[in-house]
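Going down the list, the protein sequences come from chains H and R. Residue numbers for the first sequence follow numbering that gives the first Met the number 0, beginning at 0 and rising by one. Residue numbers for the second sequence follow numbering that gives the first Met the number 0, beginning at 0 and rising by one.
Be aware that one or more of the hints could be misleading.
Pairs count within a copy or across copies, as identical chains cannot be separated in the list.
To be verified - Straight-line Cα separation of at most 35 angstroms, DSBU-like style, residue types lysine-lysine; simulated pairs:
1) 253 - 317
2) 217 - 317
3) 217 - 253
4) 317 - 21
5) 125 - 253
6) 125 - 217
7) 83 - 217
8) 125 - 317
9) 217 - 21
10) 83 - 125
11) 83 - 317
12) 125 - 21
13) 217 - 157
14) 83 - 21
No lab work stands behind these hints, which were simulated from the structure alone.
2 protein chains.
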Amino acid sequence: MSQELISERVPAPESSVGLVEKHFATLFAEQPLRTDGGAEFGPVEVAYETYGTLNEARDNAVFVCHALTGDSHAAGRYEDEDRKPGWWDGFIGPGKGLDTDRYFVICANVLGGCQGTTGPGSLNPKTEQPFALDFPVITVGDIVTVHQGLVRHLGIEKLLAVVGGSLGGFQVLEWATRFPDAIRSVLAIATGPHLSAQGIAFNAVGRRAIFSDPSFAKGRYYANGDGLGPELGLAIARMLAHITYLSEDSIEMKFGRRLQDRDEFAYEIGRETEFQIESYLHYQGSRFVQRFDANSYLLLTKAMDYFHLEESHGSIAKALGRTDARFLVVSYDTDWLFPPSQSRDITAALIEARRDVSYVDLPSPYGHDSFLIEVDQLSSIVGPFLERTSAT
Amino acid sequence: MSQELISERVPAPESSVGLVEKHFATLFAEQPLRTDGGAEFGPVEVAYETYGTLNEARDNAVFVCHALTGDSHAAGRYEDEDRKPGWWDGFIGPGKGLDTDRYFVICANVLGGCQGTTGPGSLNPKTEQPFALDFPVITVGDIVTVHQGLVRHLGIEKLLAVVGGSLGGFQVLEWATRFPDAIRSVLAIATGPHLSAQGIAFNAVGRRAIFSDPSFAKGRYYANGDGLGPELGLAIARMLAHITYLSEDSIEMKFGRRLQDRDEFAYEIGRETEFQIESYLHYQGSRFVQRFDANSYLLLTKAMDYFHLEESHGSIAKALGRTDARFLVVSYDTDWLFPPSQSRDITAALIEARRDVSYVDLPSPYGHDSFLIEVDQLSSIVGPFLERTSAT
């Protein structure tokens, strides 16, 4: 059984952006970042990648916002031997949805993350120790403020588009409210104006699993003698979250009730991977802890919980009406973490605000993860939308 | 805020069965129970309660099968001072759905449970130590075999009805296949012919949380010096499962995004109960570990995963067609753990098998837990159904 739901659909490398490099920018060195929570904070190191070429008019830049556990490596490979390309490689490249023959695509790791941008694992200059949970609690707005800082740092006055799915979608919506004049279009995919209370509930259980792990050590696990963090707890959080990314149909389709490597029940309570779906989730959990920091997981899920356009601005229409940008809103019919009704709420609010909006509910069996998997379908809509935005 | 979603709707104690007592029966003392997994096992102590009076013809007995974390205390109170009555008190009593003026109602704790019936916390006579995970891995069929043993022990040849929701629903369906001539009707509520792969996935994460807790000690935690078991892990499993018992709408309705005891975000990552839904889940988790044994949780969720009428019998129609009993199938429109489609599958199979079946999909905002909450609605259907069964 292939354990990789997503990689199956990644297109051939020859249509890729090729070899890429991670860059770093130091921001907020002179004027510190003031977070929504009231902390003052700087400098901030930002890890980012770019694909394609910035044109002379500097008006063909597209900023890609990654989801909860993504990073700046959205496309291409660091080395020819890399087993896998960036996480949205099927969507970014020559002739693809984000066409690197036309556009200059930027993707940066989020503030509070663990893939190069300053986060809880970074050294606190005041103590020479990792911040751990002394890192300020951040919001989606803080993340976007840092990204907008990077855009200015790259000499770009106005982005052609901001594009993101899930938590990336929160960021592009926030961008519209916080920097309304810095963008010409917003592509909000598999997202909503807030996380549902059910979503907060799942996040709360995931965080509980991390807090419960004795290796968590109040977040100061970087100094654990064995070098291990709360890996058991983080794996549980990931397994749980992963269920919410899949549709019931996609689980049935891919795994059903098939057993792993046997024909009959084992009748052993300790056999944790009896069904294929169990084996898959355990694999996802164990792989995740190798690449992700538990403190970042705590911070970023909290930022998701806090995000709420209506609470912050009175209404979605007031929030998003601040910009004149064109909107493309995309949902997936089997997504139950961000159900289509949330995208319809965004769309209705934009119509109410007399803004230019297109909305598509795409059919896909893959649930919330569809935006990472069904990239050809997405490309066929995003391509023309960006062309038209570019021409207006 | 009331933390008790369920107790709000429990009717006044005066309509209750009054004071009740837990009884015990010793079964399989001479001839051991042979489990589906191939273990031989006995004697089995069974904790049970009865409400109402068995008539002279001994044909008015109704057996209630409890769900995953239920027990034999389905109605009434042990003492006048008890804060809460049995778990289905609103449904069982004089003039209620299971009318104790007419019927003799029996409810027993399941095999492998932790409320009086032999389970992993019971002493293994061979070692004088608790069984822990030497307890055989059991199936829904093993649970029903023990319950049917109790019914015979009480001198009842044929039950008027077997009634159960969720895992209790699995039991009544299994009863129809295993003891087809011992029942006159089957009331299968908020259940299905098997657990979905998504349901197995949630169970797998819950079990992982228990296995990950260092206090689990491979199930031998009864001997832990501090007397504590894997309470952190079991609480996580419960919090997670609890989300699946509620509908998204009921979470929105009851908690929404309201904060617990504050008006503004705390911006503290360690504050685990910032939103009311978090506070509610933490409370549910902490309360659950006071009354439930983690090893029982492992065993019973595994029994749920294993249950599958189609796999066991070739088809649902073949499985349920073994009995001539009348069926009442009830689903709830907001139940996503056992969605109405599963009840429709049962109903269609019974029609195919030329059996007598009524199916109702009840509207309720409470998701899977509706069968425990919306008891008046359920009573209005079950009452007439049992009357008619009784008369035929």
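Quick rundown of the hints versus the structure:
1. 253 - 317: between (42 angstroms within a copy, 27 angstroms between copies)
2. 217 - 317: Result: close neither inside a copy nor across copies, 40 angstroms intra and 56 angstroms inter.
3. 217 - 253: Between copies, since 32 angstroms is at most 35 angstroms while 38 angstroms is not.
4. 317 - 21: neither (37 angstroms within a copy, 61 angstroms between copies)
5. 125 - 253: neither (50 angstroms within a copy, 44 angstroms between copies)
6. 125 - 217: within (19 angstroms within a copy, 44 angstroms between copies)
7. 83 - 217: within (34 angstroms within a copy, 38 angstroms between copies)
8. 125 - 317: neither (40 angstroms within a copy, 72 angstroms between copies)
9. 217 - 21: within (31 angstroms within a copy, 45 angstroms between copies)
10. 83 - 125: So residue 83 and residue 125 fail the 35 angstroms test inside a copy (38 angstroms) and across (55 angstroms) alike.
11. 83 - 317: Close neither inside one copy (42 angstroms) nor across copies (48 angstroms); limit 35 angstroms.
12. 125 - 21: within (27 angstroms within a copy, 64 angstroms between copies)
13. 217 - 157: neither (42 angstroms within a copy, 59 angstroms between copies)
14. 83 - 21: This pair counts as within: shortest intra-copy Cα distance 16 angstroms, inter-copy 61 angstroms.
Hint check: violations occur at hints 2, 4, 5, 8, 10, 11 and 13; the rest are consistent with the structure.
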